[in-house]
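I would like the entire structure built from these sequences, with the hints used as guidance.
There are 2 protein chains.
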Amino acid sequence: MPTLDICFSPELLPLYNLTGRVAVVVDILRATSSIVTALAQGVAHLVPVSELAECRALAASGYLTAAERDGRQAEGVDLGNSPFGYLDGLVLVRGRKVAITTTNGTRALHLSQTADTVVVGAFLNLAAVVAFLRQQNKDIVVVCAGWKGKFCLEDTLYAGALAARLADTFDTTDSDATLAALDLWHTAAPDVASYLLKSSHVRRLNSLESHKDMEFCVRPDVYDIVPVFQNGRIELL
Amino acid sequence: MPTLDICFSPELLPLYNLTGRVAVVVDILRATSSIVTALAQGVAHLVPVSELAECRALAASGYLTAAERDGRQAEGVDLGNSPFGYLDGLVLVRGRKVAITTTNGTRALHLSQTADTVVVGAFLNLAAVVAFLRQQNKDIVVVCAGWKGKFCLEDTLYAGALAARLADTFDTTDSDATLAALDLWHTAAPDVASYLLKSSHVRRLNSLESHKDMEFCVRPDVYDIVPVFQNGRIELL
Numbered sequence: 059m060p061t062l063d064i065c066f067s068p069e070l071l072p073l074y075n076l077t078g079r080v081a082v083v084v085d086i087l088r089a090t091s092s093i094v095t096a097l098a099q100g101v102a103h104l105v106p107v108s109e110l111a112e113c114r115a116l117a118a119s120g121y122l123t124a125a126e127r128d129g130r131q132a133e134g135v136d137l138g139n140s141p142f143g144y145l146d147g148l149v150l151v152r153g154r155k156v157a158i159t160t161t162n163g164t165r166a167l168h169l170s171q172t173a174d175t176v177v178v179g180a181f182l183n184l185a186a187v188v189a190f191l192r193q194q195n196k197d198i199v200v201v202c203a204g205w206k207g208k209f210c211l212e213d214t215l216y217a218g219a220l221a222a223r224l225a226d227t228f229d230t231t232d233s234d235a236t237l238a239a240l241d242l243w244h245t246a247a248p249d250v251a252s253y254l255l256k257s258s259h260v261r262r263l264n265s266l267e268s269h270k271d272m273e274f275c276v277r278p279d280v281y282d283i284v285p286v287f288q289n290g291r292i293e294l295l
Numbered sequence: 059m060p061t062l063d064i065c066f067s068p069e070l071l072p073l074y075n076l077t078g079r080v081a082v083v084v085d086i087l088r089a090t091s092s093i094v095t096a097l098a099q100g101v102a103h104l105v106p107v108s109e110l111a112e113c114r115a116l117a118a119s120g121y122l123t124a125a126e127r128d129g130r131q132a133e134g135v136d137l138g139n140s141p142f143g144y145l146d147g148l149v150l151v152r153g154r155k156v157a158i159t160t161t162n163g164t165r166a167l168h169l170s171q172t173a174d175t176v177v178v179g180a181f182l183n184l185a186a187v188v189a190f191l192r193q194q195n196k197d198i199v200v201v202c203a204g205w206k207g208k209f210c211l212e213d214t215l216y217a218g219a220l221a222a223r224l225a226d227t228f229d230t231t232d233s234d235a236t237l238a239a240l241d242l243w244h245t246a247a248p249d250v251a252s253y254l255l256k257s258s259h260v261r262r263l264n265s266l267e268s269h270k271d272m273e274f275c276v277r278p279d280v281y282d283i284v285p286v287f288q289n290g291r292i293e294l295l
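If you're matching them up, the sequences are chains A and U in order.
59 is the number of the first residue of the first sequence in our numbering; add one for each residue after it.
59 is the number of the first residue of the second sequence in our numbering; add one for each residue after it.
Hints are computed from structural coordinates only; laboratory data are not their basis.
Incorrect hints may appear among the rest.
As the list makes no split between identical chains, a pair holds if one copy fits it or if it spans any two.
Here are the simulated lysine to aspartate or glutamate pairs, DMTMM-like style, with alpha carbons at most 20 Å apart [as the list claims (entries may be wrong)]:
no., residue 1, residue 2
1, 270, 229
2, 206, 232
3, 256, 241
4, 256, 226
See the structure below:
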């Protein structure tokens, strides 16, 4: 039975062997939720980059630019890190390419590239990722983007939700991180949004707009798509 | 109100500022539980060292030697890493100095030395450490030894138990790690030993002896002592 392990921070990735495994990279608030939303709205592909300057430079190659630093849209770019940027119609995104840089998510994606496949996970596409992982039937490492290298609740809850759905055909008992994430998920599942209102990250983003983002980002199974990160691009399988 | 934060792995310590704070180092299975037991049984002080050779060499200076590698007593030393080594009377420990090296605990102690005070924590001396921390009234970082750098449940439960006892006078809501540890503690508290039977570490140490150790190591408030690590030695305040 293949295993499902969880890495709570990109800083811990050197302790995990991703070779031969599927990595599911998650940054619920908000990078991977926005990436999933973008592709569901018809974005052609996204290029995640580490530096803001690199992101801005891609505008010259026809890219829309999306950038967030410390939870806010950066200066001089087209989009922030809210999924509603791809939904509200203010920027036409269908068919466009997007260059994206975020505090935590981009780093997690780049550090996960030794995996056989790097999947972009969010509650929004949970069922689609579950179906893909069942079909692959390989060991899984969920890579939580965390908050500046530290443990964060929202990514852990996603990992727990994924483990709960896969527990029938994957070994979710061999890792203390997975056992903890499952218990936290079971505590939070009755009302994920309320549970996350207490998290330090959500309180840090304390505003009407970010609560609206958070409530959207914890909706499960909205988009039936599996984005993968390969050859420097995030695109649909 | 001072804060209580938790670092789930020594690998994440570079993200934490220990200056001006009290570090509580914990390795429930079994280094810090054994250290607390040793001092309660009259050991004069302990010297934690990283290398087995360094540990063995201290025998020539009159030290008892205690060493564990991958959960087992190392060759050619007096004691393993079980607290019962200090209790069963086979080795006379009262008044002796002990050189100790363990897989995870020693590393966590050495990496925590930038803190104002480094306290050795275990369930066995939980109440004593709580009283000490209240008296200090400084920010706290609980440093979990983990398992080879990864998250582990037993150290997290201890951190959660500590946070639960201190929640009235310390801010335990500013860190997602603390919030998660509190929820895991509340899940496990009705029967900690049964909860830990599912953990990967306990199953790894699967034997009658290690279950006996585990049941001993989760007993709270047995010893009213506060060991601190200073000037290379662990000794009583």
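(request) With 20 Å as the alpha-carbon cut-off, assign the pair residue 256 and residue 226 to within, between, both or neither. (result) between (31 Å within a copy, 17 Å between copies)
(message) One pair to classify: residue 206 and residue 232, alpha carbons no more than 20 Å apart. Within, between, both, or neither?
(response) between (27 Å within a copy, 15 Å between copies)
(request) Indicate which option fits the pair residue 256, residue 241 if close means a Cα-Cα distance not exceeding 20 Å: within, between, both or neither. (result) both (17 Å within a copy, 12 Å between copies)
(message) When Cα atoms must be at most 20 Å apart, do residue 270 and residue 229 count as within-copy, between-copy, both, or neither?
(response) neither (35 Å within a copy, 27 Å between copies)
Hint 1 from the earlier list is the only one contradicted by this structure; the remaining hints agree with it.
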